[in-house]
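With chain G's structure known, arrange chain F on it following the hints.
There are 2 protein chains.
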Amino acid sequence: MQKRDKISLSVIRRLPRYYRFLDDLRSNDILRISSRELSERMGITASQIRQDLNCFGEFGQQGYGYNVDLLYNEICKILGVEKGYKTIMIGAGNLGRAIATHMNFGRLGFNLIGIFDNNEYVIGKKLMGIEILPNENLESFCGEYNPTAAILCIPKDSAQEMCDQLIHFGIIGFWNFSHYDLGLLNPNIVVENVHLGDSLMILSYRMQKQMEDVK
Amino acid sequence: MQKRDKISLSVIRRLPRYYRFLDDLRSNDILRISSRELSERMGITASQIRQDLNCFGEFGQQGYGYNVDLLYNEICKILGVEKGYKTIMIGAGNLGRAIATHMNFGRLGFNLIGIFDNNEYVIGKKLMGIEILPNENLESFCGEYNPTAAILCIPKDSAQEMCDQLIHFGIIGFWNFSHYDLGLLNPNIVVENVHLGDSLMILSYRMQKQMEDVK
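Going down the list, the protein sequences come from chains G and F. Quick note on numbering that gives the first Met the number 0: the first sequence kicks off at 0 and runs consecutively. Quick note on numbering that gives the first Met the number 0: the second sequence kicks off at 0 and runs consecutively.
Excised from the complex, chain G in its bound form:
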């Protein structure tokens, strides 16, 4: 734990994957696992695993493997999944509705407390038990409840303006689905841009390669 400050973002980006595999092991009541076994399950080398996990303490014991619970709990702590950041969602169209219903926010460190849209056909309806409010209520809502994270499921054209407003209302973390790279102009916020199309284009590239290799 004492080493935590020095962990590089590239190691951090692999942690959710460890989290998922360890979570699976726990549901199967597996208490210990060797780096070799974990390596086979995860499809990465055992030495990479040892290197990654050594970054944040001593969880392995020569010949006994890793203590699954300890490792899982430490990864949860590092990722901050117990924080429950108060979160609002902007945009309750198809994508917003899917994200709201599909994601288990509570387990991932977020607590969805408000949903906003400017479409009169969805305002007043409920989503996951939360009444959808008009965008004009954002300021008063943020003033009262102090959310710190926002999920943007709005079109590209309105993303930057909405982001600027939300920073002003106290939001510091953005999960952005708007097909627009937020954050480049704002060093004081943190943004995870989700570009679903990017992974689809990579799939296209890899399919092409695979077909050529088979020939």
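Since the hints were derived computationally from the structure, they do not count as laboratory data. Please note: incorrect hints may appear among the correct ones.
Identical copies go unnamed one by one, so any copy, or any two together, can satisfy a pair.
Stated by the list, open to error - Mimicking DSS-like on lysine-lysine, the simulated pairs with C-alpha atoms at most 30 Å apart in a straight line are:
| # | residue 1 | residue 2 |
| --- | --- | --- |
| 1 | Lys125 | Lys155 |
| 2 | Lys85 | Lys125 |
| 3 | Lys76 | Lys155 |
| 4 | Lys208 | Lys125 |
| 5 | Lys76 | Lys208 |
| 6 | Lys85 | Lys208 |
| 7 | Lys125 | Lys76 |
| 8 | Lys76 | Lys124 |
| 9 | Lys82 | Lys208 |
Just chain F now, kept in the frame of chain G:
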């Protein structure tokens, strides 16, 4: 182009980002751009850009910058976005519906031709003009239309079994939203697993860091 075979997957993974920025430049009728300008817009170093783009030919001219159209077209070719792979979607629940309506498949190299579900309440309904068919029709549909890509929007528990079936029916590319790491056991297929939760956990980590740094 002649160099294409040697491009590493880490360069390839950056191409969709170039694609997006170049696409924006084209919509704004910008014909040429220097690596310095592109660097400022994209938030990566000019030398990284020169290195990446040199991997697949000569698009820059000293003092004149890059030809936006040429570069854009070459990236499209490398990624294979003109292929229009025949694609089916399995699972037309909240997430499947959002993906089907939200993504511009045609522009990204895919042609959605069939949607399947085993829920009697959605079978027969239309989504993006496509009638949702029962899963039991998959074999005959694949036999007739020969799709090569599948989008999985189904629960984790049924993902591996569905994948095995689809491989048997000729699918080689999977875009997988099922919270399960497909592909580890099947070296002959290509899989892009989309773990939305992973990016949310990274956001959580980075928010925590940001708040600590501000203190």
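Going down the list of hints, with the structure as the test:
Taking the shortest alpha-carbon separations for Lys125 and Lys155, both the intra-copy value of 25 Å and the inter-copy value of 27 Å come in at or below 30 Å. For a Cα distance limit of 30 Å, the shortest separation of Lys85 from Lys125 inside one copy, 18 Å, qualifies, whereas the shortest one across copies, 37 Å, does not. In the homo-oligomer, the alpha carbons of Lys76 and Lys155 lie at most 30 Å apart only across protomers (25 Å), although the nearest pairing inside one protomer, at 34 Å, exceeds that limit. With identical chains, the CA atoms of Lys208 and Lys125 are never at most 30 Å apart, being 46 Å at best within one copy and 33 Å at best between copies.
In this homomeric assembly, Lys76 and Lys208 come within 30 Å of each other (Cα to Cα) only across copies, at 12 Å, whereas the closest approach inside a single copy is 40 Å. Only between protomers do Lys85 and Lys208 lie at most 30 Å apart by alpha-carbon distance; the minimum there is 16 Å, versus 44 Å within a single protomer. When the C-alpha separation of Lys125 and Lys76 is checked against a cutoff of 30 Å, the pair qualifies neither within a copy, at 33 Å, nor between copies, at 44 Å. In the homo-oligomer, the alpha carbons of Lys76 and Lys124 never lie at most 30 Å apart, since the shortest distance is 36 Å inside one protomer and 45 Å across protomers.
Taking the closest pair of Cα atoms, Lys82 and Lys208 come within 30 Å of each other only across two copies (12 Å); inside a single copy the shortest separation is 42 Å, beyond that limit.
In summary, the numbered hints that this structure violates are 4, 7, 8.
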